[in-house]
Amino acid sequence: MTPHDHEQTYHGQSGDLSSGSTEVDDSHTKRATAWAPVLKDPVCGMSVTEQSPHHLEHEGQPYYFCSTGCQTKFSADPAKYLSKNQPGNQHSEVAAPGTIYTCPMHPEIRQVHPGNCPKCGMGLEPLMPTLDDDNPELADFSRRFWWTLPLTLIVTALAMFGHQLGWFGMATQSWVELVLSLPVVLWAGWPFFVRGVQSVINRSPNMWTLIGLGTSAAFIYSVVATVTPEVFPDTFLSMGRIAVYFEAAVVIISLTLFGQILELKARSQTSAAIKSLMGLAPKTARRILPDGTEEDVPLTHVHEGDRLRVRPGEKVPVDGAVEEGASSVDESMLTGEPLPVSKRVGDKVIGATMNTSGALVIRAEKVGAATVLSQIVQLVAQAQRSRAPMQRMADHVAGYFVMAVVAIAVITFFVWGFWGPQPSWVYGLINAVAVLIIACPCALGLATPMSIMVATGRGATHGVLFRDAAAIENFRKVDTLIVDKTGTLTEGRPTFEQAVPVQGGSANEVLRLAASLDQGSEHPLADAIVNAAREQGIALATVEEFESGSGIGVRGTVEGKRLALGNTALMQQEGVDVAILSEKADSLRVQGASVMYLATNGDLLGLLAVSDPIKASTKEAVDELKAAGIRVIMATGDGVSTAKAVAQRLGIDEFHGEVKPADKLDLVTKLQDQGHIVAMAGDGINDAPALAKADVGIAMGTGTDVAMNSAQVTLVKGDLRGISIARHLSDATIANMKQNLGFAFVYNALGVPLAAGVLYPWTGLLLSPMFAALAMSLSSASVVTNALRLRKAK
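For the sequence shown, position 100 matches number 100 in the UniProt record's numbering, and the numbering has no gaps at all.
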């Protein structure tokens, strides 16, 4: 078995697998029918499958090997091999992120080995960046460039000054130039010719098609002129020999290599943000064993449920909950929050954040790819590989661009040949080569992907995660924002205030029944009621037949009683008259409390008041959004009085109370039908339909996974000020993309006619292929450099 026996190819962004070589699947409709998972031998890295007879289990994780020898080595010292591999040989896209490669211009191209994009010829990059900065393509191009640069300089010097030095006869000089040019063209330029041939085979003409044609034409013509000069007419003679252009071919190749080196270095900086995120994770954790002893273990050996000690000045190893101790944790590297956050027993902590003061003992809840940091890295990587709608225009133009350039080069050759000054056909050849070389579809293709990569990384460092490029492009168009209340405008950690029974009832009994019923709910208001009952030492009963009322309350059976707990909408469904407590409820709502009624079999038992403090940053965020001209609307399942009280405190003019998830969805649809570009911000399961329907869904990172999966933007800290950050970043990114596209279009619009010699009849100006090569090489690097300015966007 060889490492390539089980090689798989990835198609589309879905990551589907099918065996074979690289393919292009724009429709994303191809699917694998059957495949064996690709695994890696942790010792030698060879591809293996689960059918391998050589396997063992270590710390509950299966490992597979290519031979008895590798299995024996692993058994003797597992830590040696696990220190450089993820635990277990998972499927290649999980265990070895660097093994999946994709094209920065065409993210649908995916394969499990390095190579070139079959569409544009660009070198493929790892789908998930690694902390290892080694770039094989950059190293290869640098080696080819520096080893052949002296030869290029000598050939150029001979072409310019050889006739003045008189070291050789002119015919001999042509042979010297040929010999010196061979290593440059055939070795240094070999990758370009391979890509050019591949572009023809794949029927996808691109930048390398033009470079291959241009340099080949100049070099082959010069070889023929040197070896068999007698086949050319006397008009081709120049200074005693048939004119040759070896210097044009070698300079074009050297400058193209130089341009590729600049571009590769610049492109590596676009993933600097995601690399910095990956570098945040600590390498080890201090695990507390059942007998009370402690040991330092690699982070990959930490499992859910492990108890870990985090000492002052150490990073929190994984996501978990505090079991002992108190401290302040600096979460700025993930959330952008500048001030440390106090942590007490029961509070959640995020992996890779910094423990600043006291010692903590935490219980691991999420490890590996499930941690917040890992999910952020994955989300940023996904967004960086997505395509912006603006790119469609560039793609459409680029599809015809290369063929148009080839046609212009052919026309240039014949126009100069028939009507140009003598030697007319030499002029025709050189100008045609200049046309082929100066055209650069690569700059056009890189215009938006580079901006997206930098912008998503920049947003991630400020706690704003974009799911895809479309979210960045659409955010700046938003004119209306619908916000949920609980967990979005407020802390989302409500505290119980009081229970009010109907006359003759017991407040403790109301609390006991409500808390018993709410045991089946995950809503923050329910948590507040349940926790209050337990703190008061109230014994809770078992709930049966529990059901959620989709944002208006819950129902269930407790001790044989059919209970309903929720807002007035639920009471209306139950046929319960709440008038007897309406005055008390209104007074509590005016103070900003949420009020829930408790009823059984149509009879009102009482009400419960829970308050949820407004986030300290919410007022500032709302003021910023209103100042930016965005219409802010609050929609909440809480009562109208509560909604009004919160809206007045925040200066929100339009609000809707006691709305169901369907009502939020209808509100989004209604506003869209009126022509508004609508964003929806929420954190709960009941917000998911509206988040998905909105033009831009904004989820609070402190909310539910369902909400985050339904949204296009996630605010890691749950701070609405992140919306302003996202909006400013969207504006800056779109402006940057337009600059890049404009530069690419203008560059080609001016460069191609100039290279064709359009200005020659009036100015006598011609563009040398060597200058065309320099301009072409710098164009792509200029686009990437301009995109990097987004790293400093305010």
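A few of these clues could be false.
[As the list claims (entries may be wrong)] Heads up, simulated PhoX-like pairs for lysine-lysine below, C-alpha to C-alpha not over 25 Å straight-line:
no. : residue 1 : residue 2
1   : Lys644    : Lys670
2   : Lys644    : Lys619
3   : Lys265    : Lys477
4   : Lys693    : Lys670
5   : Lys561    : Lys626
6   : Lys73     : Lys315
7   : Lys792    : Lys265
8   : Lys477    : Lys644
9   : Lys660    : Lys670
10  : Lys693    : Lys660
11  : Lys315    : Lys265
12  : Lys477    : Lys626
13  : Lys348    : Lys366
14  : Lys660    : Lys644
15  : Lys348    : Lys477
16  : Lys348    : Lys315
17  : Lys626    : Lys584
18  : Lys477    : Lys73
19  : Lys477    : Lys315
20  : Lys584    : Lys670
21  : Lys626    : Lys644
22  : Lys265    : Lys693
23  : Lys283    : Lys315
24  : Lys670    : Lys626
25  : Lys693    : Lys584
26  : Lys366    : Lys283
27  : Lys738    : Lys660
The hints are simulated quantities; they were obtained by calculation from the structure and are not laboratory data.
These are the hints, each one checked on the structure:
Among the hinted pairs, lysine 644 with lysine 670 is consistent with the structure: their alpha-carbon atoms are about 22 Å apart, no more than 25 Å. With a CA separation close to 15 Å, the supplied pair lysine 644 and lysine 619 stays within the 25 Å bound. Proposed proximity of lysine 265 and lysine 477 is contradicted: the alpha carbons are some 33 Å apart, above 25 Å. Proposed proximity of lysine 693 and lysine 670 is supported: the alpha carbons are some 11 Å apart, at most 25 Å.
Among the hinted pairs, lysine 561 with lysine 626 is inconsistent with the structure: their alpha-carbon atoms are about 48 Å apart, more than 25 Å. The hinted pair formed by lysine 73 and lysine 315 fails the criterion: a straight-line CA distance of about 33 Å is larger than 25 Å. This hinted pair checks out: lysine 792 and lysine 265 have alpha carbons roughly 18 Å apart, not beyond 25 Å. For the suggested pair lysine 477 and lysine 644, the alpha carbons sit about 28 Å apart, so the restraint of at most 25 Å is broken.
Restraint check: the Cα-Cα separation between lysine 660 and lysine 670 comes to about 15 Å, which is no more than 25 Å; the hinted pair holds. About 15 Å separates the Cα atoms of lysine 693 and lysine 660, which keeps this hinted pair within 25 Å; it holds. For the hint linking lysine 315 to lysine 265, the alpha-carbon distance of about 31 Å lies beyond 25 Å, and the restraint is violated. Restraint check for lysine 477 and lysine 626: satisfied, since their Cα atoms lie roughly 15 Å apart, inside the 25 Å limit.
The suggested pairing of lysine 348 with lysine 366 holds, with an alpha-carbon distance near 11 Å, which does not exceed 25 Å. Only pairs whose Cα atoms come within 25 Å are accepted, and lysine 660 paired with lysine 644 is accepted, the gap being roughly 17 Å. Under the criterion of a C-alpha separation no larger than 25 Å, the hint pairing lysine 348 with lysine 477 is inconsistent with the structure, at around 35 Å. Under the criterion of a C-alpha separation no larger than 25 Å, the hint pairing lysine 348 with lysine 315 is consistent with the structure, at around 14 Å.
Taking the CA atoms of lysine 626 and lysine 584, the gap is near 34 Å; set against the 25 Å cutoff, the hint is violated. Between lysine 477 and lysine 73, the direct Cα distance comes to roughly 59 Å. Violation of the 25 Å bound is thereby established for this hinted pair. Taking the CA atoms of lysine 477 and lysine 315, the gap is near 39 Å; set against the 25 Å cutoff, the hint is violated. Distance check on the hinted pair: lysine 584 and lysine 670 sit about 35 Å apart at the alpha-carbon level, beyond 25 Å; violated.
Between lysine 626 and lysine 644, the direct Cα distance comes to roughly 18 Å. Compliance with the 25 Å bound is thereby established for this hinted pair. The straight-line distance between the Cα atoms of lysine 265 and lysine 693 is roughly 40 Å, outside the 25 Å bound, and the hint therefore fails. At most 25 Å may separate the alpha-carbon atoms for a hinted pair to count; lysine 283 and lysine 315 meet this at roughly 10 Å. For the given pair, lysine 670 sits about 21 Å from lysine 626 by alpha-carbon distance, which is consistent with the 25 Å threshold.
For the suggested pair lysine 693 and lysine 584, the alpha carbons sit about 37 Å apart, so the restraint of at most 25 Å is broken. Between lysine 366 and lysine 283, the direct Cα distance comes to roughly 16 Å. Compliance with the 25 Å bound is thereby established for this hinted pair. Restraint check: the Cα-Cα separation between lysine 738 and lysine 660 comes to about 41 Å, which exceeds 25 Å; the hinted pair is violated.
Comparing the model with each earlier hint shows violations of hints 3, 5, 6, 8, 11, 15, 17, 18, 19, 20, 22, 25 and 27; every other hint is respected.
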